[in-house]
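Given the structure of chain A, go ahead and fit chain B onto it with the hints provided.
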Amino acid sequence: MTAPLLSVKDLSVTFRSDDGDLTAVRGMSFDVMPGEVLAVVGESGSGKSVTSLAIMGLLPRSARVSGSAMFDGRELIGADLKQLRKIRGKDIAMIFQDPMTALNPVFTIGSQIVEAITLHNDMSDKAAWERATELLNLVGIPDPKRRVKLYPHEYSGGMRQRAMIAMAMANEPKLLIADEPTTALDVTIQAQVLQVIRKAQAVTGAAMVLITHDLGVVAGLADRVNVMYAGAVFESGDIDDIFYRTANPYTLGLLGSIPILTARVSDKLTPIPGAPPNLRRLPEGCPFRPRCVFATEVCHGSEPDLMAVNGGRHRSRCYHIDKVAEARAGSTV
Amino acid sequence: MTDLGSRQQLEMAIEAEAAALEAEGLDIEARSMRRQTWDRFRKHPVAVVSLFLLLALTTAFWVGPWLSPYTYDQVLAGLPNEGPSLSHPFGTDQIGRDLMVRVFTGGQISMTIAIVVALLTTFIGTVIGAVAGFFGGWVDNVLSALTNLFLIVPGLLVLLVVAIKWGGGVYSTAVILALLAWPVIARVVRGLFIQFKEQEFVQAAIAAGAKPGRIMFRHIIPNTFGPIIVNATLAVGAAIVIESTLSFLGLGVRPPTPSLGNIIQDYRGAIDSDPTKVLLPGLFVVLITLCANFLGDALRDALDPTSRRGH
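Quick mapping for you: the protein sequence lines, in order, are chains A and B. Going letter by letter, the first sequence gives residues 0 to 332 in numbering that gives the first Met the number 0. Going letter by letter, the second sequence gives residues 0 to 310 in numbering that gives the first Met the number 0.
Don't read these hints as lab results, they were simulated from the structure. Accuracy of the hints is not assured; some may be wrong.
Chain A is faced by these chain B residues, among others (derived, beta-carbon under 8 Å) [said to hold, decoys possible]:
(1) Gln198
(2) Glu199
(3) Phe200
(4) Gln202
(5) Ala203
(6) Ile205
(7) Ala206
(8) Ala207
(9) Gly208
(10) Ala209
(11) Lys210
(12) His218
(13) Pro221
(14) Asn222
Which chain A residues stay away from chain B? Per the calculated CB distances, all over 12 Å, these [as the list claims (entries may be wrong)]:
(15) Asp124
(16) Arg244
(17) Glu283
(18) His313
Everything numeric in this text was worked out from a predicted model, so none of it was measured. Note that beta-carbon positions come from the ideal geometry of N, C-alpha and C, so glycine has one too.
Extracted from the complex, chain A is given alone in its bound form (with noise of 0.2 Å):
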């Protein structure tokens, strides 16, 4: 078996405020194997955004992190600055929520494809330039010799997503970050950006963490899926363990809340009641028993582990895991 390419360990991140410490990520332990894309899902707020910050060394000052993230054999949590540029934009890349204000809108897109090149590169411009428009090229942006010319406002949304997938890919990294990728896209545009992000991690063989509340966009790329909820990791499994073998409430009423095409009109989409928990003030035990329908007693001690389900890798954090697998199986979903 192959080491894990990113090795992440009860990873916390707690941010001062004046209202009191907010723990946006509590003890997040997860791998990601070299190739493998993993999935990070959850709604608003359950801190998936701020692992992934975290692992970057992104965060504000103000932000106290503890725990580890060891990739390819070097820890990144409180790494010094010098290091982590050098692993920065070359062997993590990372492709952000919005393209419109992720790139510099007084700079051409070749210009700062180039500048991501020539930061880690020893290259002549000319070669950087030639390399900026073969990227170009390779996520789908037509005309790239004269498009790479223009600046960001020149290009339509869809056209920026796939520039910035071009930059993540500029140096070959070893794993990708994707941070909401098509959240802020057009829905006729985010499936064409969802090729371009499978196109760029097959063609570079990079790992990818991907973060998302859609769960469409888990099934068409994901291996491997985290479900989360109140800066936890609920569950954790292969895909097809986490569609098909669900074994925890909070991921059944996400696959609840989606709309299926082949539905019949009866057929109500069921919401999560309630709203997700204030992380400054955790209800007792399970965090998410005030909005479970399984919720019994026992929930209301202490919060359950993350326990295995059928001895795999498919791992979930529920007191009621058989009771989740029975109304998976009489479920239409």
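For chain B alone, kept in the frame of chain A given last:
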């Protein structure tokens, strides 16, 4: 997961979008940055006129005295207080010096001061504002306190006191004016940096492995060029006016070296009998100030690549 079918699908999807984009006519001619800037600038006729007027004035100020048969401190015996004539288009002053060469040399000196002031204030203001805004925390506290200190100082009073001790020279006057004017630009730049450092493209630059210096000067500063240049051109206008005021009060450039301000001062008593001799240098002060302001406004537009006016 990358089976053959989905690969083909994806190639097709990409080609389809490519064709759609081509059809949509998104092929804006890739123009050079300089060309686009000029195209946007041209849309402001007043600014174009201002630019040419400023260039004409500058040329006149520098070339005129050199072509003139007289020098600015040459006293022509027996010709005081002459009216305009062919050999002396602006006339002569009270002690018989050619007024045209004096006004042009004065314009040259006033303009030199204004440009030095604009460059110095922009430089000091940008560096202090950038560092304060970018690093924040105690660095910002210290620099902002310093900026505010300079802002609340009653400028004219300090000028009066300082000018008595160090004033009189062209460059010392410029430096004194610059020391009083930089806080305005520093505040503007600090605000811009605070705004821009939170932008995602700065996060993206950090995520790409860029160093703080690079992020400040390569990624953020170019985004602030517009406001900085507008403020610099406004500073040119303001400096011309303040220099004239100071020289008028006898605290700026000291005679016999002429400046637009001290020529006005020479003729303040003759405003009734010989108004043209006060109005001429005054007119140049107004012209330069106006042109600088119009120019600044147009530049703000022209230097913003997201502005659509050029298309």
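Now the hints, each set against the structure:
no.: 1; hint: Gln198; verdict: holds (6 Å)
no.: 2; hint: Glu199; verdict: holds (4 Å)
no.: 3; hint: Phe200; verdict: holds (5 Å)
no.: 4; hint: Gln202; verdict: holds (6 Å)
no.: 5; hint: Ala203; verdict: holds (5 Å)
no.: 6; hint: Ile205; verdict: holds (6 Å)
no.: 7; hint: Ala206; verdict: holds (4 Å)
no.: 8; hint: Ala207; verdict: holds (4 Å)
no.: 9; hint: Gly208; verdict: holds (4 Å)
no.: 10; hint: Ala209; verdict: holds (6 Å)
no.: 11; hint: Lys210; verdict: holds (7 Å)
no.: 12; hint: His218; verdict: holds (6 Å)
no.: 13; hint: Pro221; verdict: holds (5 Å)
no.: 14; hint: Asn222; verdict: holds (5 Å)
no.: 15; hint: Asp124; verdict: holds (15 Å)
no.: 16; hint: Arg244; verdict: holds (19 Å)
no.: 17; hint: Glu283; verdict: holds (36 Å)
no.: 18; hint: His313; verdict: holds (18 Å)
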